Each structure stands twice: as C-alpha cells, then as structure tokens.
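Top to bottom, those sequences are chains D and X. Counting in the numbering used here, the first sequence runs from 807 upward without gaps. Counting in the numbering used here, the second sequence runs from 807 upward without gaps.
Hints are supplied without guarantee of correctness; some may be wrong.
Since the list gives no way to pick one copy over another, a pair counts as held whenever it fits inside one copy or between any two copies.
Unchecked claim - In silico lysine-lysine, DSS-like type, Cα no more than 30 Å apart, as pairs:
(1) Lys1184 with Lys1032
(2) Lys1037 with Lys812
(3) Lys1016 with Lys826
(4) Lys861 with Lys1030
(5) Lys1030 with Lys926
(6) Lys873 with Lys1037
(7) Lys1032 with Lys930
(8) Lys1116 with Lys1196
(9) Lys1084 with Lys861
(10) Lys937 with Lys1037
(11) Lys1184 with Lys873
(12) Lys1031 with Lys810
(13) Lys926 with Lys1112
(14) Lys1016 with Lys1031
If you are wondering where the hints come from, they were derived from the structure by calculation, not from laboratory data. Just so it is clear, the structure is predicted and the values come from calculations on it, not from any experiment.
There are 2 protein chains.
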Amino acid sequence: MEFKHKILSNDLVIIGEVNKSAKSAAVGFFVKTGSRDETEQINGVSHFLEHMLFKGTEKLSALEVNKAFDRTGAQFNAATSEENTVFYAALLPEYVIEVTQLWIELMKPALRDEDFNIEKNVIKEEIAMYKDMPSFDVMDRCRTLHFDGHPCGNSVLGSEECIETLTAEQMRQYFTSRYAPNNMVFACAGNFDWGQICSTIEEACGGWQKQAATRILEHHAGSKKKQRIEKANLACEHICSISPCVSAQDPRRFAAALLAVIVGDSVGSRFFWELVDKALAEAATMHFGPMDGTGTLYSYIRCSSKNVSKVLDIVRCIFEDLLQSGVTEDELEKAKNKVLSALVIKNELPMGRLVDLGFSWTYLQQYRTIEDDVRAVKAVTAQDIHSLIKQFNPGDFTQLSLGPTDSGEATPRKMWC
Amino acid sequence: MEFKHKILSNDLVIIGEVNKSAKSAAVGFFVKTGSRDETEQINGVSHFLEHMLFKGTEKLSALEVNKAFDRTGAQFNAATSEENTVFYAALLPEYVIEVTQLWIELMKPALRDEDFNIEKNVIKEEIAMYKDMPSFDVMDRCRTLHFDGHPCGNSVLGSEECIETLTAEQMRQYFTSRYAPNNMVFACAGNFDWGQICSTIEEACGGWQKQAATRILEHHAGSKKKQRIEKANLACEHICSISPCVSAQDPRRFAAALLAVIVGDSVGSRFFWELVDKALAEAATMHFGPMDGTGTLYSYIRCSSKNVSKVLDIVRCIFEDLLQSGVTEDELEKAKNKVLSALVIKNELPMGRLVDLGFSWTYLQQYRTIEDDVRAVKAVTAQDIHSLIKQFNPGDFTQLSLGPTDSGEATPRKMWC
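Okay, chain D solo, but in the shape it has when bound:
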C-alpha cells in the first residue's frame, strides 16, 4: 500500500492509495456539501443536484452518460448525506481513466430547465416513498427536533413543498458555490496508475475556479425535546432517541463507536439481550453519528404499543447503569472484535477503502492506514468509555416517537414526566 496525494493550485485535492496486489480499483469525487449547507428555502437541493449530475452535460445527454458507464462495466452510484455528496465507482483497472474522465465530465452538469422539471417529480416520489417508511421518517423527524433550528437538523431529501418551489436557477447558484475545486476531493484506491490519474485530473480540472465555500460549524447540545406523533395507519411504535456526542474530528470517536455497539448492536448488545431477545421489541439498535464539528448517538426502537412503557423503563435502566458503572471489560472486548472485523473486512475491497480514504481526508485532512484505525480501536479502555458517558450522557436525549392513534395504553408521554 502506498499513499499519494497532490493539491492543485485551485486547491482541488487528489488522494490515492495504490495496492498493486488488488485486482480492481475504485475512484470517486467527495464533495463536501449536503443538507446542512442548505438554507431553509433550498432544503433538499444537494440531493436533487446529485440526481441532476446524471442528467447530462453540455457534451453528453443522459442517455450517453448511461451508455458510457455501461460500456465499462463499472459498478457506480452516488449518495447524499447531511454533509457529503459522493460519486463513486468500483471497476476493473483498465477502465480507471475512462471512468475518471466520465466523473470529471459529470462534475460540470448542464442543469437544463426541462431536465430539472422532469426530475422534480422523481424527487417528490422519493420523498413520498421514504415518508411511508416509519423507521426512516422517525429518524429524520427526530434529527430535526434534536438540532432544533441548527442546519444539521435539515432533512436530506427536503420537504415536498420546498422541492416544489425550488427553481433551477437556485440550484445552479448552489452548484457553483459548492462544487468548487477547493470544496472537493478526488480519491482512488486499489490497482491504478497514480501518474496517469494526476495528469488526467490536472489537465481537466486545473482551470476550475475556487469559490468561498464555507460551512457553519458549531457543536450543538441538542434540544432534549420529547414529542409523539400519531399516524392512523401504523401498527406499532417507532421510537428514535438522540443524544449529543463527539465529532468526526474528536479522538474519542473510537470510544463512541464502541459504546454504540455495546449498547445497541443488532445482536449481542444490551438492547438486544434486554429488549429483542426478551421479545419486548422487534428492533432496538444504537449508532454513533460523527459529524463535522458535532456528533450524535442515536437509537431506534420498534415495539408494540402495549410494550412502550416497559421498553422505555428498561432503556432508562440501561442508561442509568451505564452512567453509574460504565461498560464491562468483557463487553468492550466483544465490541472491539465486532468493530475490528467490520473495519478490516470492509477495507479489503477497494470500494470500502475509497470511502474511508475520502472521508478521512474530508474530515481530518489526514491519511490514515487501516492499521492506524485498528490501533485506535484497540487502545480504547473501559475507562475511556465511562468518561465519555459521563460527559455525554446517552440517557439525556431528544426523543421522537411515531405510533398508532392512542389506544388508551400507557403512552410514551407518561414515561417522560
């Protein structure tokens, strides 16, 4: 493995980890923009724009873009989150330059009015589809409740109303200010020729203009509000709880990730043994959500309405015990094995490696080997986790619950008194 990096004069960063023993490669653009970089008026534009990049450029129609990727056999896609828009492809080494050129071309989309108007309907359908998925909807709403006005609470998809009023001109302005060379990283991993990548990108992107792309960065302690929303068609209760935690830049992020596994991994965690294994909840998980300058621990529980009181009592006991006694050595050991397995297995694939490389540079301007991360995970002590819990008590959360129209059973509201 050999790490390479180069910064062009317009601040476009190119990074690569060459692994000549790999049989494939992965390439992609990491654009540091997402829903938290949107104003209320244009909420949803980052995700909508991601779709629009596949609708063609001055040179290529959408059909030609499709056929050009298809020809290479590359496995390609894009994704938008609160903080990032990523365009990536896993492919055979012989197509690295061709697909890189294609991504470069797509980074200058035509953003035609007619395509914008057609795609608007696709976006609205996607919003409707996710609204119908309570496990997604509850998280989205709870994040908004938690961040309470802070842009980290913006929905990635945006609301139907906001997408309806969004104009192509607003999108073009957003595009110009955010898809700037100084706000993106091109990354590659696996088997590729670094020199060729650099000259390809330098030639095509060297003339791109820098922009003042900034982001509002401040830690947010969370509203700690509680809310229950009723929906007539729901069969069970969906409960999301969010507490503040360390950021993607904080060295304690490894401790936070381990804590989430100990409390809420899908099997073998405290939530699993106390709630799922006892058939009190169908699902009960916790994840760590590191972000730029802030972070969250969020949990999702699905249970029948009649079990809500009992479930929330148990959750409270779990959090009280954590605050009191921290985690056990045995729990920590098991969680480390899980985190290390997942980390190492994911990074065997150039595509998995690409994601870690790209985000490591985006958040830390740092190259981290897999070994760096393995060492950091192994170094976490039960004491580190207990200190983290004492500073960021997971029991002190914002909570949003989506459930059926009140059945007369004890509601979560009673529990929150």
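Given chain D, work out where chain X should sit, using these hints.
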C-alpha cells in the same frame, strides 16, 4: 495465492486458498444438499434443518452458540438453495480456528423435539412472508411448473402443509444421510494457517461416518406449460419465464451467463432499453441458473396489467431476433465488462472468494483461479452465444404469471395462443 487441498479417509474434503496479503479470512461448510434432494413428504426439510443447526448441540445451548459467535466478531450466516446448504463466516485471522471449531460443533446438532416444534412456527412465518412477495412467489411457482415433477422443481421453503406434518424424526434421518463427510466440503480463503486448519478438522471430523448420499441427476427440458394465477390483492402483473439451459458443469456456462446479461441485465440490456426505459415495465431481468446436471435461463417481468400484451409481444420479438441473428459484438463486449467487473470485485473479498472456491469444488471437483474464470469469460465469442441460443431457444419457455383478478384487458393467455 496458494491453493491447498486434502481429502480425509472418510472423504471429507478440505480446500483452501491462502492469501497472506489479505487482512481477513472466510471459512465455511458447503453441504451438498437442498430441496432437490427431498421427497415430497419432507419438502422444506433442508432449509428447516439449516435453522436447527443454530439451535444448539449436546454441548452448547442456542444461547451459547449465539454468544460464542458474538465473542469473535465474525460476520456469519447460512443459506439453503435447491442444491446446497452453506454455513459461512467472514472474520479476523486470529479467530479462524475458534470459528472453525464452532462450525464443526454445529455440524452435530442436537435436533431436540422441543426446539423443532418451536422453530416450526418460525419456518411457517417465513413461508407466509415470502408468499406475500409476488416477485418471489412467481419464481417459485414457475420453477415448479417448469420442472413438472422433477425434484429440481421443489420449493426451498416447502409448503406450510408439508412443514406442519414434518416430524423431528424425519429430520434426524435426513440429517444423518445428507450431512455426511463424503457429502460436504470445508473451505477457507484469505489469511489463515493451512496446517492448523487441517489438524483441527482432521482431529474433530476424522471419525465422522460416510453415508450413501446420492442425488438424482438428469437434465430436464422443462414442461413449457403456461399458466396464469389471479390474486385479488395484486396491483400489477408478475411474469416469470423459464427455459432450459446448460448445467453448472458445462463449459458453455460462461456463454449462458453473458447471454443473460445481454438480454436482461438490470440496466443497458435489451429488456432494459425495450421495456424499462420505455416505461412499459417496471422491472425486466434475466438470469442464468446453472444447476447440477441441468440449468435454466429465467426472466422476471413486472408491468401493469394494461401493458401485458405489448410487453409479451416485445419479449417475443427480442427472442426471435436472438434466434435469428444472435448478439452483436458490441453487446458482447459490454456484457463481458460487466461480468468481469462483478467477478473480480466480488473475489477481492475472502468471503466472495470462499463462495467461488466452495462451489467450484462442489460442482466440478476443481480448483479454479480468478484468472481461469476471467480467461473463460474473455474467450466467449458471439458465435458461441448464437450456437447456445440455437440449441436452447430462450423463446421456448415455461411461463407463469401472477396478476390481479382479470380486468377485461387483453390477458397473457391470449398472447400464448
């Protein structure tokens, strides 16, 4: 990469491909048994038995099995098909022996009456869940229609009635005859110590008794029957078509896989451009299903009832054109890129490699490197594919359609006259 293999005196095969540059490993048992090895009376027993292996042994309770895996952080699972039951895990190198010992222990399940009776309900729920998924149900029913009495038409899950009457004693007999050392392969891939693996397995499994585990092997040309089943709650038409094709042992399997990609890959295929891109069908895909001594090409199309006639007309034209003119060089080139990308990317992971190694031995008693498969794909010519089409005409198929209660529109039945 170094291939190793050893056959114990009871014919248990151990194979491994050592890749010291990998950071993880994968291990698993490939048992050559599935629904095609069942009689009508015990249909579904292979899949049910796969579940029961996790319910404990004489030494370990189900809880202890769960905790033992959990400790290692391994990503483990099992799967049952018409022909195979596979137990696999991806893991860190330091847990290879521990997890191998765990799989060995699980291969001697207790099969207790009480666990059997409880798990029966889980299996019945799984059957009900899949029955509610028309895209799955239509394939399952169409395979049964196609194989028309041949055991390859047996459903993997079995019917609720059959599971209801199945006894624990029948399962124990099936287990003894099928989970025999001469009917299974232990495989490992990635970073592991071959000597340690061999001594672990030899010591624990060397005493297992051989059995007369056979399989009815004969090619089946398919019934070519047509059937439509109405379901009141369906919103659109689900159409499955199956035509006979070459087996998993046939050198022409690479040509057959490429043909399926050309006709029915989810993007860029003939089905895609003629049906999906034109918004006549929501989904239209084709896959090659190589089996032991036989094989199928199967396609799945989902469209609104009003488009059925048009869709089936287009499908007929596509197949007629293929029979007449074969495929183009350009189509073949694109399909090769897709197949090669998927093959190479999958095999970067020890887990992906394990699957190919295991099945290659199960079906061919052969070690094939990734390069062997890459060469075989590259060597296929448009002429090879045309010859295959002439011998196995994909337009001459069995077809089963699941759709809403007849709306008065032209039905598929009319098309089949």
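The hints, checked one at a time:
no.: 1; hint: Lys1184 with Lys1032; result: neither (36 Å within a copy, 60 Å between copies)
no.: 2; hint: Lys1037 with Lys812; result: neither (52 Å within a copy, 61 Å between copies)
no.: 3; hint: Lys1016 with Lys826; result: neither (34 Å within a copy, 45 Å between copies)
no.: 4; hint: Lys861 with Lys1030; result: neither (41 Å within a copy, 42 Å between copies)
no.: 5; hint: Lys1030 with Lys926; result: neither (35 Å within a copy, 44 Å between copies)
no.: 6; hint: Lys873 with Lys1037; result: neither (43 Å within a copy, 38 Å between copies)
no.: 7; hint: Lys1032 with Lys930; result: within (29 Å within a copy, 39 Å between copies)
no.: 8; hint: Lys1116 with Lys1196; result: within (25 Å within a copy, 66 Å between copies)
no.: 9; hint: Lys1084 with Lys861; result: between (50 Å within a copy, 17 Å between copies)
no.: 10; hint: Lys937 with Lys1037; result: both (12 Å within a copy, 28 Å between copies)
no.: 11; hint: Lys1184 with Lys873; result: between (46 Å within a copy, 21 Å between copies)
no.: 12; hint: Lys1031 with Lys810; result: neither (46 Å within a copy, 60 Å between copies)
no.: 13; hint: Lys926 with Lys1112; result: between (41 Å within a copy, 26 Å between copies)
no.: 14; hint: Lys1016 with Lys1031; result: neither (41 Å within a copy, 65 Å between copies)
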